[in-house]
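Asker: From first to last, the protein sequence lines stand for chains A and B. Residue numbers for the first sequence follow the numbering used here, beginning at 1 and rising by one. Residue numbers for the second sequence follow the numbering used here, beginning at 1 and rising by one.
None of these hints come from the bench; they were simulated from the model. Hints should not be assumed to be uniformly reliable.
No more than 30 Å apart at the CA atoms, straight line, and that leaves these computed lysine-lysine pairs for BS3-like [what the hints assert, rightly or not]: (1) B:K46 with B:K57; (2) A:K52 with B:K128; (3) A:K139 with B:K128.
Simulated restraints, written as ranges between beta carbons of each label pair [as the list claims (entries may be wrong)]: (4) B:Q148 with A:A110: 46 to 54 Å; (5) B:S10 with A:L174: 20 to 28 Å; (6) A:R187 with B:R11: 18 to 26 Å.
Glycine included, C-beta positions come from ideal geometry on N, C-alpha and C.
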Amino acid sequence: MSAAAHGETRAVRIGKMLLRAALLGLFAFFIFGPLLNLLLWAFAERWYFPNKLPSQYGFTFWERVFNPRGNAMASLVTSVGIAVTTVIVCLAIAVPAGLALGRLQLRWRAAIMLVFLLPSAFPNLPVYVNIARVFYELKLAGTVPGVVLVHAAHGLVLAVWISAAAFASVDKALEEAARNLGAGAWRCFLTVTLPLAAPGIIAGGIFVFLESLDEFTGTFFVGVPDVQTLPLLMFNASMGGNYQIASITALLLLVPSVGFMLLVERFLKPNVMATLGR
Amino acid sequence: MTSPPDQPPSRTNWAGMALVSPALLVIAIFFVFPLLASVVSAFQAKTGEWTLANFDKSFELYSGDVGYTVVIVAISTAVVGLLSVAIGGYLTLGTNPRAQAVLRWLYRWPLFIPFIVAGQVMRTFLAKNGLLNQLLIGSGILEPLAAQSYLDWRGIVLAFVWKQTPFVALMVAGAMAAIDPAHIEAARNLGAGRLRILFGIIIPQIRRTLMVGLVLSYVTMLSVLSVPLMINPNSPTMMTVDVAYRINAHGDYGVANALCLISLVLASVGAWFYLRHGVARKGVQ
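Construct the complete structure from the given sequences, taking the supplied hints into account.
Answerer: Next comes the structure, spelled out in structure tokens:
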């Protein structure tokens, strides 16, 4: 590298620096431009076409969204309620499965892991369409339990993978030490294995929570017309031309997603992400 | 993860199966069954007899949209792949640590942003008075009167690329970081340029990761409803919008499922690659 640098004149170096800065600036605009535009709409009182920027800013629409008796607050409560229930249902099923796949010797382990790979290799639209059809017969369409079931099934795959990886990373020697000191199998699991696997399981739980909070297609088919989650509210506002309400709702959905992205580096390094899905 | 070659004791095996079975049951009921139901329904008339009429109708009404979908998803996948390799390549081979740090901080932002929000964000960004046009006008590339909205196939591609690149780039950058630096150093000492190292040394070693990322992304884009619904709901549009329309406006599950089966065939090309490589990998470990 340095051999090349010696031969470079100052002009070439400055040119390279400018090019690098311009490319990075363009990329930054590509990433943040859309988000900035959303932010502008969230605070715009009035914005018509020839105007480059909103002609008036304000909080009128925020007051409407955060009105305790408004649609948006009701949707937020519905969304969070569904997401929390989904996490509980999902982990109750995924943690035992993860324990078995990550810790126990299973005869058909490879085949079972393959089954949990399948859902991400197929489009989910046909799945939602036909679940909605069955749920309609079972009177589950348009109900919160129906939506929770769809979200839980969707989140299960990721939750199983992550908890299997979490249990697999627990050091067996620690369990053996506990057993040698006289702890029973249950006690050993509750006081050694589970606490050590907990960070991974919590990460899986957060993933499932976010997936459920953001889920659109399944709710669109199964939840109509009675279950209105935040993404559906946002969609309806946007299609109705109310960009302010849509943008504020979008911001509400953005905050947990971006927060999680910033936090996730602590427990999911790129090299771990690279192994997901294999 | 190790899987010992010797057979596990059957008691452990049964306990393990008991722990896994609820999860398997959920996959069977909420994934396998609806998929099979979709395939069966595609070949059934409303009265229940077997027919190919749904496919005739699908091709008659929507063959244009099938092509439109394939083109959009193919372009998006290609661009995501190119950008991911460029980002990963610069993070691995770049010579300016500060620029690398900025890039590393920049590229992940849309990672967990849901498609529906990406749709809304792009609806504002690509509109006639959106910030993209203002940048183009401000920098003199575009006449103010020539400003147009980009909310057509270009909008869908941009939304897909914006949302999917961080995911694939994260996988690719992770795989590139795991390459033995000695390989790169050796090539450098032999006088290979950076592009040559990227294409000759690095990409062959991360090809599999790149492909898995692109296939997952391809299948996801094929079945996203919210982005085309928000950016370009009018004809020509993507097949997912047609599926929703057949069901919501006509209650026509036959044609909807025929369209689903067509997209399933498109996806299975990708799924075949994915599973083949996934299993091959599991076999090696």
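Asker: Tell me if the beta carbons of B:S10 and A:L174 are separated by a distance inside 20 to 28 Å.
Answerer: The hinted range 20 to 28 Å holds for B:S10 and A:L174, with Cβ atoms some 27 Å apart.
Asker: Decide if the proposed pair is consistent with the structure: A:K139 and B:K128, CA atoms, cutoff 30 Å inclusive.
Answerer: violated (44 Å)
Asker: Sort out whether B:K128 lies within 30 Å of A:K52, counting only the CA atoms.
Answerer: holds (10 Å)
Asker: Run the distance test for B:K46 versus B:K57: straight-line Cα separation, threshold 30 Å.
Answerer: holds (14 Å)
Asker: Is the hinted range of 18 to 26 Å satisfied by the C-beta distance from A:R187 to B:R11?
Answerer: Once the Cβ atoms are compared, 20 Å apart, the range 18 to 26 Å for B:R11 and A:R187 holds.
Asker: Holds or violated: the 46 to 54 Å window for the beta-carbon distance between B:Q148 and A:A110?
Answerer: holds (53 Å)
Checked against the numbered hints above, the structure violates only hint 3.
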